[in-house]
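Protein sequences appear in the order of chains A and B. Each residue of the first sequence is one higher than the last, beginning at 124 in the working numbering. Each residue of the second sequence is one higher than the last, beginning at 612 in the working numbering.
Just so you know, not all the hints are guaranteed correct.
Anything over 10 Å on all C-beta distances counts as not near chain B; from chain A, calculated [what the hints assert, rightly or not]:
hint : residue
1    : D158
2    : L183
3    : G236
4    : V246
5    : R257
6    : S330
7    : E358
Which residues of chain A face chain B? A few of them, derived with a C-beta cut under 8 Å, are [claimed, not checked]:
hint : residue
8    : E147
9    : G151
10   : F154
11   : R179
12   : R215
13   : S370
No wet-lab data here; the hints were simulated from the structure. Cβ coordinates follow ideal geometry from the N, Cα and C atoms, glycine included.
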Amino acid sequence: MAAAEAERVFSGLPALGVGVGFREPFRGDLFLQRDRVDFLEITADHYLDAPPEKLRELELLAEHFTLVPHALNLSLASAEGLDRDYLKKLARLVRRLNPPWWSDHVAFTRAGGVDIGHLSPTVYSAEAARVIARNVETVRELIDAPLILENITYMLTVPGGESGEAEFLRDVLERTGCGLLLDVTNLHINSVNHGYDWRDFLRALPSERIVQLHFVGGHWHDGVLVDSHSHPTPEDVWAVMDETLRSAPVKGVILERDENIPPFSEILRELDRARSLGRKYGRWD
Amino acid sequence: MEWLTNNAIADMRGPVFLLFYAVVIGLTLLACWLARRALDWTGGMQSPTIPREPDPHEIAYLRGGENEVTRSVIFALVQKGLLEVSPQGDDYFVGQVAEQKERRSLSPIERRTLDWFTLPQKTSEVFRSGALASQLKPFCAAYEQRLKSEQLLTTDKMRQQARMIVMAGTLVIVGLGAYKLFIALSRGRFNVGFLIVMCIVGLIPMFLVSRTPRVSRRGREYLERLRLAFERLKYGVQSSPQPQAGGMYAFDPSLLLLVGVFGVGALSGTQYDYFQQSFRQSALSANASTGSSCGSSCGSSYSSSSSDSSSSSSCSSSSGSSCSSGSSCGGGGCGGCGS
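Please put together the full structure from these sequences, using the hints given.
Put into structure tokens, the structure is as follows:
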């Protein structure tokens, strides 16, 4: 996809506002607080081989919220190519929901036909970017909706790289024509664990491609900051989000709380704060 | 007119006719069931969206009529600290709290209910004929009207048509049986016991088939969606809230909504567990003394009468919730009933 075409696609996307990654415990509260949740991100993998009960849930959610699918296992960085069965199921789900965009990660979860069960970083090289671009082309044969790619956290940098993560992401976005789902928590965690300035990282990214943000709080473990989705968003992450919303035409932000789930009122407080930040920079109403 | 007494049916031998009669009864029942089912065309309609501010009393009314509204209103008043349920011997009594709080915020149905408990009453008294549940009927008229306009409740016209179908079916079964009986007797044969028994046995399922659900197919689907939407609220309210000063708990609209959607059975395991126990007991004692059946957790969606008032039936059910493969994973949920 040409850069100009990609920019046209992403600038034309609707501003969704502020939402939450859907988790079952939120379901009742979500229906009671629809005014304060603009859209939901659903984990696509939960609905690919889902029992009827989950599909009814999906149908109910889709009738009341804009849903954005977030896939975990496409394994776009796999040099061996994509799992066609998985891709077909994912394509069916995305077509069914007809979302404004959908997302997966700049990572691999499968190697040599073995499912790793974890988002693993790839080597930051031109060859790895070409692999991702080739896989994205395969995806586009089945899915028309715009794809945005998410940065992940990593404990170690894969040896053999030719650039830093930010430069690699820029290369991937240029080659694929995809948008960026910038996980500001991941960015903050990586900057802490690997000792770089997140502002430099942000400046190196093509800001016009940043479509959506993820945010949440992690926790410290043995001197390492862990992306556990288990705590309220810390002030440092709010600062990253503020700067990103100021500099990029973000269309939506999602709070990704998975563990240690608090009362929904706390979730709403974080959403309200994120909404205010976006309004401050005119990203949404 | 000779054909009336000399034809294939009239001349059919006893066992062959009984077989023929059984087939006719079966086909008639099937036709009546299909015709009655077809009367409720609301199944193909889009179900209403989940309201942004659902009215628990209205949902309770949809689920089980006045009796369920009565339970949810009493519970609302208990939660607001205006009524209290206390055990006395084997019974539970509902009465006004001695120190009455602000009443102005109460709805008319809540005020009427509160006034009814000027003297403490046994929970089983609440549902007796002419008692509180009956007195709340006028307040439920608005619910009835709105739910009917949304095609969530079956209409009088549907019930009327269902009665016509039953009458037609009954006419076929009784008419054929009576005709054969007349022929047999006119030919001096009196071994007609099986014929009469078959006619009666055929009419029993006819009346079962004819029962028109009080809640339409659209209404039942809507209730299912409400249950799916709000079943997870149970886990939030069961996490041991702390009482306020004076031992009272804060008014939790989620709890009232749960009572509206699932019935008082949803209070099991919460700080209001005693409430669902007292009303379960009231249902049992009302059953024993009046013969009426009245469930503590949910009302029936069936009514065999032509009036719009519902009779409640005891029922309970549960449904497990699905478990996602992610890190957020919950347990089972309360299913309720009413469909």
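The hints, checked one at a time:
1. Look at A:D158: its CB is around 7 Å from the nearest CB on chain B, not clear of 10 Å, so calling it non-interface is violated.
2. Some Cβ of chain B comes within 10 Å of the Cβ of A:L183; the nearest lies about 6 Å off, and the non-interface call is violated.
3. The claim that A:G236 is not at the interface with chain B holds, since no C-beta of that chain comes within 10 Å of its own (minimum 21 Å).
4. For A:V246, the requirement that its beta carbon stay farther than 10 Å from each beta carbon of chain B is met, with the minimum near 28 Å.
5. Every Cβ of chain B is farther than 10 Å from the Cβ of A:R257; the closest lies at roughly 28 Å, confirming the non-interface assignment.
6. Listed as a non-interface residue, A:S330 keeps its Cβ farther than 10 Å from every Cβ of chain B; the least gap is roughly 31 Å.
7. For A:E358, the requirement that its beta carbon stay farther than 10 Å from each beta carbon of chain B is met, with the minimum near 25 Å.
8. Interface restraint check: A:E147 against chain B, minimum CB-CB distance 5 Å, threshold 8 Å, status holds.
9. Interface restraint check for A:G151: the shortest CB-CB distance to chain B comes to about 4 Å, inside 8 Å, so the restraint holds.
10. At about 5 Å, the closest approach between the beta carbon of A:F154 and any beta carbon in chain B falls short of 8 Å, and the interface hint on this residue holds.
11. Interface hint status for A:R179: upheld, as the beta-carbon distance to the closest one in chain B is roughly 6 Å, under 8 Å.
12. Nearest Cβ of chain B to the Cβ of A:R215: about 18 Å, over the 8 Å cut. The hint is violated.
13. Among the interface hints, the one on A:S370 is violated; its C-beta lies about 31 Å from the nearest C-beta in chain B, farther than the 8 Å criterion.
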